[in-house]
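2 protein chains.
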Amino acid sequence: MLNYNKTLPDGAPGWVVSEDQFSSLALAKCEAVMSLGNGYMGLRSATEESYVGEKRNLFVNGTFNRFDELEVSELPNAADLTKLDIRIDGKRFTLEQGEVKAYSRSLNLRDAELVRTFIWNNGEGKELEFTFRRFVSLDSLHVIGLKMEVKVLRGPVNLSVSSGIDAQVSNSGSQHFHEGEKRIYDKTYLELIQTTTESKVDFAIGASHRLKVDGQLVEVAPAMEIDRRIVAVGYSLRLEEGQSLTFEKVATVYTSRDKEFGDNYSLPAMREVALAALKTAQESGYDALFSSHTAAWAKVWENYGITIESSNPFDLLGVRFAHYHLVVMTPAHDNRMGIGAKGLSGEGYKGHSFWDTEIFILPFYIYSNPEIARSLLEYRYLGLEGARNKAKENGFAGAMYPWEAAWPSDGEVTPVWGAVDIVTGEQTKIWSGFIEQHITSDIAYAVWHYFRSTGDTDFMEKYGYEIIFDTAIFWASRLEWNEALGRYEINEVVGPDEYKEHVDNNAFTNYMAHFNIELAMDYYQELEAQSPELFARYDELLNLKEAHKVWESKLNLIYLPQPNEDLIIPQDDTYLQKEIIDLTPYKDQEKVGSIFNDYNLDQVGNLQVSKQADIMMLFFLLENKFSPEVKRANYQYYEEKTLHDSSLSLSTHSILASDFGDKELAYRLFHRATEIDLGPKVHSSDAGIHSASLGGIWECAVMGFAGVRMLDGKLHLAPKLPEHWDRLSFPLYWQGKRLEVNITPQEISITNVTGGSIQLIVHGKQQEVHESATFANTSTL
Amino acid sequence: MLNYNKTLPDGAPGWVVSEDQFSSLALAKCEAVMSLGNGYMGLRSATEESYVGEKRNLFVNGTFNRFDELEVSELPNAADLTKLDIRIDGKRFTLEQGEVKAYSRSLNLRDAELVRTFIWNNGEGKELEFTFRRFVSLDSLHVIGLKMEVKVLRGPVNLSVSSGIDAQVSNSGSQHFHEGEKRIYDKTYLELIQTTTESKVDFAIGASHRLKVDGQLVEVAPAMEIDRRIVAVGYSLRLEEGQSLTFEKVATVYTSRDKEFGDNYSLPAMREVALAALKTAQESGYDALFSSHTAAWAKVWENYGITIESSNPFDLLGVRFAHYHLVVMTPAHDNRMGIGAKGLSGEGYKGHSFWDTEIFILPFYIYSNPEIARSLLEYRYLGLEGARNKAKENGFAGAMYPWEAAWPSDGEVTPVWGAVDIVTGEQTKIWSGFIEQHITSDIAYAVWHYFRSTGDTDFMEKYGYEIIFDTAIFWASRLEWNEALGRYEINEVVGPDEYKEHVDNNAFTNYMAHFNIELAMDYYQELEAQSPELFARYDELLNLKEAHKVWESKLNLIYLPQPNEDLIIPQDDTYLQKEIIDLTPYKDQEKVGSIFNDYNLDQVGNLQVSKQADIMMLFFLLENKFSPEVKRANYQYYEEKTLHDSSLSLSTHSILASDFGDKELAYRLFHRATEIDLGPKVHSSDAGIHSASLGGIWECAVMGFAGVRMLDGKLHLAPKLPEHWDRLSFPLYWQGKRLEVNITPQEISITNVTGGSIQLIVHGKQQEVHESATFANTSTL
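Protein chains in written order, with UniProt numbering: chain A, 1 to 781; chain B, 1 to 781.
If you're looking for bench data, these hints aren't it; they were derived computationally from the structure.
Keep in mind that the hints are not guaranteed to be accurate.
[What the hints assert, rightly or not] Okay, derived cross-link-like pairs now, PhoX-like style, lysine-lysine, Cα gap no bigger than 25 Å in a straight line: (1) A:714 / A:737; (2) B:200 / A:83; (3) A:591 / B:200; (4) A:200 / B:200; (5) A:83 / B:83; (6) B:55 / A:681; (7) A:91 / B:681; (8) A:591 / B:91; (9) B:200 / A:91; (10) A:55 / B:429.
[What the hints assert, rightly or not] Over the 12 Å line for every Cβ pair with chain B, so calculated as not near, a few chain A residues: (11) 52; (12) 176; (13) 534; (14) 557.
[Claimed, not checked] Stretch-level coverage of chain A by chain B, calculated; a stretch enters the list once three of its residues show a Cβ under 8 Å from a Cβ in chain B: (15) 61-73; (16) 219-227; (17) 558-567.
All C-beta atoms, glycine included, are put in the ideal place defined by N, C-alpha and C.
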C-alpha cells in the first residue's frame, strides 16, 4: 500500500514514505507512520480536510493527566491545529467526491516534512491543483508550520478556508482539558488556553495565517469565530483560472510544564511569551521557519547517518524510518520525560514508557547519542520515588518500577482492564501492572549497559548506583524461599511473554533478578573499596550493608532454570507441560492477537503459545551465560510457538539469527520487523508507530548485522552482513569517543573521530584503534 | 431543500417531512428537524453510517451534569446507539461514494418513525437497496428500535456490520461521563454503564441484534469488541443476488434519575431491570415494539389532532410538526424536569429551560393537556429553592428565578461567555443570567394563566400561590426608588429584546413586575378572606403580611412607561433616542445575527435595533392594558427595527397581526415562523429545533387565527381564519372540560365532550355551551 521508491525532488533515493492513492481505510496508518514531531511534541498526520475515522492528535511530551480515578494518567490530546474546512463554490472539499489525479502524500524523512499533492476536479467543471506541506520544527521546538497551495487549473472558483484551534478533540472520548480563554488579537493572532483537569498543566496554543495570491501577500478580512472549545477565522476569496493561492498557517505550542519556565511560571507570562513567539513566527513565515528546521534535521542525519548499500533500497529506508521516528518521539530536551510505546504518534499505550525504552531503544542512544541515553535513564532515576512507593504498597523493599510509567511521580499507571474476553463477555484483566516485574531488572541492566559503554561515572555517582542498589534490594525482598527444594523462587509473575500470566519461575525474570543482585554486589564491593564517601552515602540512604548481607545469603540460592535433556530451558515451571496446537491460522495475520477470536486469555495460557521473545530476550541480554547449542535448540523450540504478536519480538529473533550466523533468516526477520509499521497491514499502526520495534530495527542492523555488543565492558564487533548488502556504515560512541564504522563483506574499517585510542574486539580478536584502522571481515572468509 | 409533499404509504398527506437528495451540508438540519424522542429521551437523527460534520446525540431528560466549575450544567450526550459501520466487500459504505438512486429520508410524523431508503451502486458493479427505520418508543419510554434492510439487486456481496454502544461521544468536547462497566452477555446482549462526573447519574445502556436473511432468522456468530468507552459486535455474511438481510437492533436506556427507581435505587438493581427489559424487547423484535409505539402515537393525534383545511397543505404539516416535537421534547412523565430551548434535539442551550416554556409552550399544554401544563409548573415550584438562593445572592428577597434552568436545585445556569466580539477579539459576556429578570414574572404569569384556564385549585394550594407570592416579594425588593421622579424603577436589566443590555425601565419588565405584585395582592386578599388556613401557612412561610404592606406601598408608584405623542411606548429609557440605521442587509439572512459581522453587541446596543418582540410581548400578555391604536402604532414602529433574530419573535407578531385583523400579514408571519425550522436555511436548526417557536406555531393557529384567549378568567374565541383556510378545528381544554372547536369562515361550532356547561365569549358576545353549539363567525361577515 505504501510506496518506498519515490525520490526526493533533488533525486535522492531512500528518504520517502508515500501513499500514491487516497484510501479512507488507510487514514490511521498514514496518520501514524507519517506523523511529525520534535521530541517536545508529536503531531499525527491527519489530512487538513476531515474524513470519517480520522484521528487528530497533538501530544506534548510529559503533560500527563488523569481523566478520573477509574482511568490512568495519559498524554492528553491537545487542541487540533491541522484541520482546514475548505469550501469550493460553497461545497466542502473532500477527496471522496469529485475526481482525483496525480495523488501523492509523502513523508520526507530527510527534511521531516509532510507533503500532499494532487489535482482535484469537483465534478462540476472546476479543477484545482493542491499542495499541502507541514512540519513540526526541530529548530524551534514550539513551532508548527502548515502551507496549502491551490492553483486553479479550471475556474473560476469561490474558495473559502476556515482554520483555527479546535479543542473539541479528546482522547477517544476522555476530555483532559478545562476550556480556558479564547482570543483573537488584531484579527490575526488566535489564542486558545486549555488546562488539564487533574495535573493542571496549562497549554497556550496560538495560530496565525498569511495569504498570498500569485505570490503577493493579500489582506482578506477574516470572519472570526469563537465557539465552544474553538477559535477560528474564515477567509473567502474568488480565484480566477490560472491564479494560485498560498495559505500559510504558523502555530505555537507552550505548556506550563516547559522546563524553560522553571519555578517562576505564571499563565499570563507564558501567554506573553507564546504570543511574542507567534508574532515572530508569523513574521518569518513558513519558508524561513522550514529552512531552519531542515538545517536542524541535516545535523541529525550528519550525526546518526547510517549508510547501507543493499540490492534492496528499502533496507536503508527502513533504518532511516526508524531513526526518524526515534528523533521525533524522544524528549531529548527534558529528563523528566520518557519515551512512549507509540512515541507521540497515537493514543496507544497512553504515552506510557515500558521496558521498551531500556531494552529496545536505549542501545541506539547509548551508541549514537549518549547524552540522550543519560537523559532517559535520569527519567528512571526521577521515577525512583514512584518505584519505592510501588514496592511498599506491594509489601516489598527497595524500588519496584512500574510496568508502565508516565510522569515520574505517577508511579504505576498500567490500566487494569483490556480487550473483551470472548468467553465471559467481560473485559480481560491486565495483570502486567501487578506482576510483570522484570521491568525493574531491565532498568538496572540498562544503567549497567550505559555505564559500561560510556564510562560516565558522573551519571553513576549521581543516579546509577542508587538505581542498581535499590532495585537489587527489591529483588532480594521479592524472592520466595521454597523450603522443599531449598531455593529462592519468583512466583506468580508475567514474563516478557504476556500470553502466560501467573507463572512461577519465568526464566527471564529469575535470571535478570539474579543479574540485578549480582550487579549490585559487584558495585558494592567496588564502591566499598574505591569510593568510601559514595559508599557511606548509599549505606546511609539504603542501609546497604544490611542489604548486602541479604544479597550474599540469597544470590546463589536463586533458582535459575537449566536446559533439560533436549537443551530446552523451561520458560516457566509449567510451559513445557502445556498442550501444543497448530498455530498456522494465527501466524502473521492481518491483525495481531487473532488467536483471541478462538480462545480467551485463560485458554491461551494453557497452550504452548507465546506472544513474543522470552527466553530469546534472555539470550540477547545475557548472551555469555548460554552456550550456542542451547541457544539454537531453544530458538528452534520456542520460535515455532511464538506468534510475534508483540512488536518486541521480531528484532530480537533477527539479532539471534545473526548471532547464529543464519544471515538469511536474520535478514528476513529484519524485514518483517520493518514491516511492523511499513508493511501492508492496513491497521497495524492505527494506534501509533511501534517505538520498541523501531529501536529494534536499529538493533538488527548494528547489534545484529554489525555484531556490535558490549560484553564484560568491552566493545565487540562481529559483522555478518546480509548477502544483499555491500556496505554498512554507522557512527558508534564508545567511552565518550565517536567512531565511524564502515563494514563491507571484506573489510571492517573504523575511524576514531574524537582522537585518543580505543580497544575493541573484532571477530573475537582484541584490537586497538588510534586514528583509524581496517580489519578483515573474517566472518565472510 | 426539505420536501413536504410526500404522502404516507397509505396515501395520507401532510404527515411527512422528507429530504429527497442526500446532502452532507444538510446533515445537522435533518438530524435536528427529524429528531426522535418520547419526552424521556431524545435521539438526534444522525444517519447510521458516519459523515464528517454529523452530530450523534442521545439525551435523557433531566440528567444534567456540570463538566467543571467553569462550565454550567447541561444535558450530557449519552452513548450513541445509532452508528453502524457497514462494509460492502470490505469497503466502508458511504453515500459520498458510488451512485445513489431513489433516495429518500423522511420523518413520518404520524408514526414518529424515521425512514431512509435508497438504491446504492458501489461503483464496482454491486447494487443494493437499503431501507433504514428507527423509532424511540412512546409506548415504552426506555426503548429504541432500529432496523436496516438490505436487498442485493446486483451481487453477490460480502456485507459486514459493526454495531454497538459508543460512549466516545461528548458535548462538543466536554465529556460528562465516567466510563463504567462494559459487558456482552451470551454474545448477544451488550451493556455499557456510564456515570456523569459531577451529578453522579448512572446510565445503563443496552443493545442487542437480530438478523434475518430472506425473512428467516439466522445465527451469525459475532466478532465481539470491547474498547475504550465502546462495546460492539460485528456480523459478517455473504449475500447472493436477490437475497435480503434484515438487521434489527433494539436498545434500552435507563438512568438512576428515573423516577421509577425512587429512593431504593442501586446500580446492580437497575442493571438487572435494564437487562431484563432488553431481553424482553429483543424477544418482541422491531415490528411488535413499533406497533405498540404507533398505537401510543395514534392516541396523541387523537388527543391533540388539529385539522386545517387550507389551499396550502404545508399549513397543517407545519402545525403537526410543532405538535410532534412538543410531544417528543416534553418530560410529561416527571415533574422534576422542564423543556429545553432546543428540546432534546441538539446541544444548543444545553437543555436549559427559559421563559420559552411558560410563555410560548405552556399555552399549548394549558389548552391541550392541562396535566402536562401542571407538571411543567411543578418543575418551577421545585425550582423555588434555587430561585430563592439566586435572590439572596443578588441581595434581594423572595424568589428570583434563574434565566436558564436545569435540574431544579441547580439554580442559575446561564453561561457567562458567548460568541466572538469582533472589536475586541474576546468572547462577548452574556448578561442574561445576571440581569434578564423578567423570567420571574413570566413564571408567575404562567401560574395565573394555568389556574384561570383550568380552575386547578389543588395546584394553586400546593404550589401556585407560593410561586406568586414569593416572586412578588422578589419584585418588591428589586424596585429602585427614584427620589427625583418620585417613582419606583427597575434599572440595569435586559428585557426580552436581548440586543439591549443594561437598560433602565424596560417596559415589558416593569409592567410584568407590576402585574406580578398586583396578582399577589389579589390572591392575598382572596386567601385572607376565603382560606384562612392557607393564608396562615403562607404568612408563616413568607411573612406575607409584611410583604403585603410593602406591595401596597409600592405598587402604584411603579413606573409604567406610557405612550408618547406618537403613541409609542419607549421600550426602555433610551431606546427612542438611539440612532436608526437601515436594517435591510441584516433582515432574513441565511444566518441569524448577521449584524454582528459589522457591529459588536455594544455597538448594536446603541442603535434602534431589536432582536425580537419586546413591547409586542407585553401587548400579547397584557392585552387589555393597551388600546388598539397604541398597539398598531408600536407594531409599526418596532417591527421595522426588529431583526427577528430570536425564534420567539415571529409567532408573537403573527398573533398580534391576527388581533389587528391583518390576516394576510398574520398568515405570512405564521409561515415564516414555521420556516424557522422547516424553511430552506440549511443551518437554521444545527444546534436543535426551536421549542418556543414550535409552541408559537400552535399559538399562531389557536390564539392567533382562532383568537382563543383567557381574559379576566373568561374564555374568548374570536377567529380570523386566513383567507386560504376553509376550516380549523382543534381540541380545547377549559376548566377541566374538553371542547372540540370547529371553525369555518362562516361558523364556529363547539362541542363540549366532557359534559356540563361552559361559558365563553365568542367574538365579544357571552355564550353558553352545553353539549354543543354553533355560532356565526362574525369576523368574516
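**OP:** Of all the hints given earlier, name the ones this structure violates by number, lowest first.
**Re:** 2, 3, 6, 9, 10, 11, 12, 17
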